[in-house]
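> So the chains spell out like this:
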Amino acid sequence: MTLLSVVLLPLIGALLVPLLARARSPLIPAIASGIVTLAALSLLLLQAPTVLSGELITSEWAWIPSIGLSIAFRLDALALFFATLITGMGLLIILYAHFYFAGKPGAGRFYALMLAFMGAMLGIVTSENLLFMLIFWEMTSLVSFVLIGFHSDQRPARRGARMTLVITGGGGLALMAGIVLMGSIVGSFNLTDILAAGDELRAHAHYPLILTLVLLGAMTKSAQFPFHLWLPNAMTAPTPVSAYLHSATMVKAGIFLLARLHPALADTDAWLYSVSTVGMATLLTGAFIAMFKHDTKELLAYSTVSHLGLITLLMGLGTATALVAGLFHLLNHALFKAPLFMMAGAVEKATGTRDMRRINGLWRHMPLLTIMSAITAASMAGLPLFNGYLSKKMFFIESLDANVISPLNWLTPVLAAIAGLFSAAYSFRIFHNVFFNGQPRELPVWPPRKPALGIQLPIILLAAGCLFVGWQAEGIVHGLIRAMATASSGVKAPAYDMGQLHHVGPAFYMSLAALIGGLILYALRERLFELYDQLPPADAREIFEWLMTRAGNGAERFVHALENGSVQRYIALIILTAIIMAGPVLANVVWYGAKPMTPADPLTILGAILMMATAFGVVLGHRNRLFALLLLGSAGLFVTLTFARFSAPDLALTQLSVEVIAVIIMMLALSFLPQTTPVESSRLRRSRDSIIAVLGGLGTGLVSFAIMTRPQDSISDFFLEQSVPGGGGSNVVNVILVDFRGFDTLGEITVLGIAAVAVFALTRNLQLKHRIPNERDQYWASNPHPLILRTMARPILPIALMVSAYIFLRGHNMPGGGFIAGLITVVALSLQYMAGGLAWAHDRMLTSFRPLIGGGILLACLTGLGSLFMGLEFLTSWFGHYELPVLGHIELATALLFDLGVFTTVVGATMLILANLGKLMTVNGPGEEIG
Amino acid sequence: MTHLPVLPILIPLIAGALLILLYDLPLWLQRVISIASTLSLLGLALALGSRVGEAGHLVYALGSWAPPFGIVLVPDRLSVLMLTLTAVLALFAVIYASRNDDEAGAHFHALFQFQLMGLNGAFLTGDLFNLFVFFEVLLIASYALLLHGGGPARSRAGLHYVILNLIGSALFIIAVGILYGVTGTLNMADLAVRISEAPPADLPLIQAASLIFLVVFGVKAALLPLLFWLPRAYTVAAAPVAALFAIMTKVGVYAMLRVFPLVFALNTPLVDTLAWQWLWPLALATLVLGGIGVLGATSLRNMTAYMVIVSAGTLMATLALGSSQAIAAGLFYLVHSTLMTAAFFLFADLIARQRGEAGDHMVVTSAMKDRRTLGILFFLGAIAFAGLPPFSGFISKIWILESSLAEGASGSLWPILLGAGLLMLIALSRAGSKFFWRQSGERPHELRADRVRFGVVCVMLLTSVALSIQAQPLMDYLSATAASLQDPGQYVETVMNTTRSLKEAH
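In the order they appear, the protein sequences are chains A and B. The letter at position 527 of the first sequence is residue 527 when you use UniProt numbering, and the numbering goes up by one with no holes. The letter at position 363 of the second sequence is residue 363 when you use UniProt numbering, and the numbering goes up by one with no holes.
Just chain A, same shape as in the assembly:
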């Protein structure tokens, strides 16, 4: 519970502080943040005695057992140290930030983000469950992104933020993969289990992969070569952020992870070579570049990179003493680097710049800061008596003992000494350049403002910490650091022999050489800068931006090359996919089934030939659209005849009326379009398309043939049997439509209704600019409403309606039904439109078509719902036979009501479509909505 509160306190604080930010005094959010942090720190320190005695505090709540994620915390010496560092440093930063942000807007936002970050960091170091830790790990990347982009109006800030997010976020993804792999192998994501399963993990075939993935996560976070590039670019963040995230805490998260997973993954050659090589590369790169940076924060950033490399190198060596040295240096680095960042921030506030070519000789203006910086810079340089000296000497000793590649063992200490030399040089530089080195030049703020005591207070405290650790080194190394090393390695760490730090041995000479060499290097700086400037310029941020832009543009081009807006291409892809997938399978089909062929009579053969001819005619003549449409209509008629020939009168009737209506609708549409289709595609493409079409058609045809020659055994026998006794009608097709599968029919009339409403909605406010086609006279009758047609149409209407009524009523027993009857009615009504014109027909007709659609669907639904009152399923039909006077025998069936719904919907929907398309044809439209 305590640990939960430690993590939750800052997170809750982060949510509450923005509310306080509206308070009049800027002190209030600062104090609130401070209290939260102090509370977390005190809670932690209360646990210190227990933890330092070697006890492990854990607590766990189940969350998602299915994936192994639980809310689990652990506190051992390693976690306690980091947690104390995070909260303690956080407290000082809040104090510093109060003065840094004095009077500026955005402080409330800053505190909130700061607390969120603190909570996330605490979560990382105190998590017992690795998946749980991952949540906080990603959170730090995200908050860091926002904090780096704090001054979002500045371009470098935005770019730095994005670069950081991409690198650390990418590393986070790798870490996620590594953790999932580890957890799956061990069978648990809890550290206790994973740390205990080190041997199993190291022996596993996936070990190299796990190591790579985890290291990617750790190295990106801790800015190791070549991922170090984000850190200098993150310096666009406000200085408190740089001091906190980018020197003391976030960048240490990767190192924490290495220390934490040490028992699970370390002690192999792969670990030794990869970690120490990366560490060494980072150490050298950082140290070298830092020397040449003129911006105080950038110098410090590269120096941080270098120190992180040093610690990583020590982690990589993996011996117990190296671990002690590494952890000790980690403490020291936090103590001396954070105050140097704070100094840089204070100086920037005082002078308006961070450029060391301009800031010089500030000791007169800020003597206290000069002294404090002397202490911390000396510690960074590794001057004797200071804490930095001790851990650096430990490092030199380790480098002498390191056994990396035996013939090259001399290389490690040599490189270490070179890095130490550069490190000393840039430490001298940042101190001497800022506070001495002659007079300031053209400072934006002159005279420099005196820094407030408050902003210097955290620096003083940390400088004192440096001195204290240097003084009490033995106690700290034997107590705290040893406990940490024990917690990290999982075995009791041996007592570190502090005596060797005071020996005058090789390590001492290395230190001495580094210091003297550093002084010489610094003395020669002007010459070196000139040399450095001659190196080809390489701005990582520019390269990164360039890469990102290239990637974005490349992606855009790639996608547009695929998705090129050609519907022909998309269709070809679909058909081709079907052919490629189904084709090979169909190669094994038995094409000729067991059923004997129906004997072919000459008339049927002629019909088939004509049908094929019309189909080919449509393809060949499609450039003349009217011609193609007419042929399409003929093809439809042959399909109708085929239905009739094979004893399907219902289908034939339906097909006939559908064909008529479809051709009318397409004629209407065609009148708005060009009359011919231009040749747009190349010969090659047309051949390609014809091959696809032929393959598709051939496949479908052959499959149909294979199926039709097979003996049938289907549910249709049941329909034939049950049509009269169960459905009350002798027309099986109609009984299927309104009863057996009435639900399908309900769906289909809904489709029709929706289509009509869609046409209505689309054409309601549509104004076609070029309504009348240019070549109109060529194909279209000059007199739109010929007299004969007008005269004939009127008497046809009542006759057609009577036919329709007849077809409707007999539908249940003889060919017919609501659908066909509806279409016949529509044909009759649309004839009136064609003969008399839209306005003429409208004056004489009920034109609210939409109620017919809605009402028809509702009627069908309500009929179906009737059975619910009988306790039967939806759409259960009912019928009865009655003897009525005059009319005689009559059958009443609910199916008829349902069919009436179908009829109504069909009439309403089709008329709505026709009328609205027709409306577009009139010169100005009728001016009101139709239907």
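Misleading hints may appear alongside valid ones.
Cβ-Cβ distance ranges computed for the label pairs, FRET-style [to be verified]:
| hint | chain 1 | residue 1 | chain 2 | residue 2 | range |
| --- | --- | --- | --- | --- | --- |
| 1 | A | L467 | B | T298 | 57 to 65 Å |
| 2 | A | R810 | B | E103 | 44 to 52 Å |
| 3 | A | L16 | B | E493 | 56 to 64 Å |
| 4 | A | T709 | B | T298 | 51 to 59 Å |
| 5 | A | L720 | B | A285 | 45 to 53 Å |
| 6 | B | T298 | A | P674 | 26 to 34 Å |
| 7 | A | M870 | B | E493 | 25 to 33 Å |
| 8 | A | R764 | B | C458 | 30 to 38 Å |
| 9 | B | T298 | A | A615 | 41 to 49 Å |
| 10 | B | V364 | A | W363 | 41 to 49 Å |
| 11 | A | E891 | B | A285 | 58 to 66 Å |
| 12 | B | C458 | A | P537 | 43 to 51 Å |
Derived pair list, reagent style DSSO-like, types lysine-lysine, alpha-carbon separation capped at 30 Å [unchecked claim]:
| hint | chain 1 | residue 1 | chain 2 | residue 2 |
| --- | --- | --- | --- | --- |
| 13 | A | K104 | B | K369 |
| 14 | A | K349 | A | K104 |
| 15 | A | K349 | A | K450 |
| 16 | B | K369 | B | K434 |
| 17 | A | K104 | A | K450 |
| 18 | B | K434 | A | K104 |
To spell it out: a stretch of chain B is covered by chain A in this simulated footprint if at least three of its residues, at any positions, have a beta carbon under 8 Å from a beta carbon of chain A; those stretches are [as the list claims (entries may be wrong)]:
| hint | region |
| --- | --- |
| 19 | 11-21 |
| 20 | 132-144 |
Just so you know, these hints were derived from the structure itself, not from any lab. Virtual Cβ for every residue (Gly too), placed ideally from N, Cα, C.
Dock chain B against the given chain A, drawing on the hints supplied.
Frame of chain A, contents of chain B only:
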């Protein structure tokens, strides 16, 4: 006898028909009817959930015709999951639309309800031809909704949409025809039995039908190379329509999950079916294309459209693993990604409304009025979408990684999945930076975000958080769902034992 299974279809149908019948109802009343209907769908879905929780499968024989002769509705856990998700999503969309998007064209609410009817019907039916009918309903309704608001861009995208989907329908009919020709039945459970007993000579035809079905469902589900109708259609659709469309690709995925394990894999492991073997490489390719598309997107809506493709690829790749755990993980991702893509479509609309002519295009323009709040929302939404904690995407991604590891398929899925995640991170950070951090010096736009719209998006994001917190109960449900999909025997038995016939009923 409960009529619960048919109500999720009937209620939106009646609501839609009523709105057409009384076509000049005042808009507020249309909204009330539409929202009330949608709300009741949520209640129905939950009620149905408690039923299937006990029984596993319910069978509702329409017209009292016993299967395999009549049409049956067979709600099970998977159907209920989809019904609930659809209802939740629809509720968000319809509330959002009711601010004034529904005024842009005629009959928005009627079409919206028909769309829901089509979706629900597809999720409930146990009959292959009836599934086709509902595919038609939802296709034509979605086409109408896509055109809502009008304009040449929508007409063009709509034309592609409807043509390609009609080709899908034609292939659907061909495939159904083949199966009916070979087996003589349309009921899915009956099909399963007959196909498992089919003579070897019939197998090539059956396999061909199954692969044509893969193409049909692949067109709907946005499987490469069948997905090219999607980006433009989703980019130009009105915001609430695009949000509802987030479920449309999932209909295709649902149909795959419904049809393949049941009809084609009654006695064989799912992964051994031809369809599933094709699904795996194509789904991975879809994922790759989606990732690249997100990076290359030119507007936020376009980016979201490609996110839909990423999510489709991820989802189908996970399902293609075929194990029970993988299917459960895929379903969890389905819920998460549907909500998040929908939220992003709405969110892109909120942003576009405050940027004047620049809209949601990735160009720098003057600051938005609500830059701060929208910025926070974008940040959270991007986190949620990119699969970062504390949103459900994170949990979902871990579950997918774990289940693919168990299948030994991590070698290809992991790099692609995580790589696509990185691409999204890059794209989202670039977009966020352009929209919220950079602005030209002009005076900020004055429009404020509508509170209701803003609230809808917030609640959607909160839903994702709730999904993370309550992940375990949902996972248990999904595991049970996946287990019953893997073992279709119970489904078949329940359906085929339903022997109510008309005679008994009367």
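> Run the structure past the numbered hints and jot down the numbers of the failing ones, going up.
Hint check: nothing fails, all pass.
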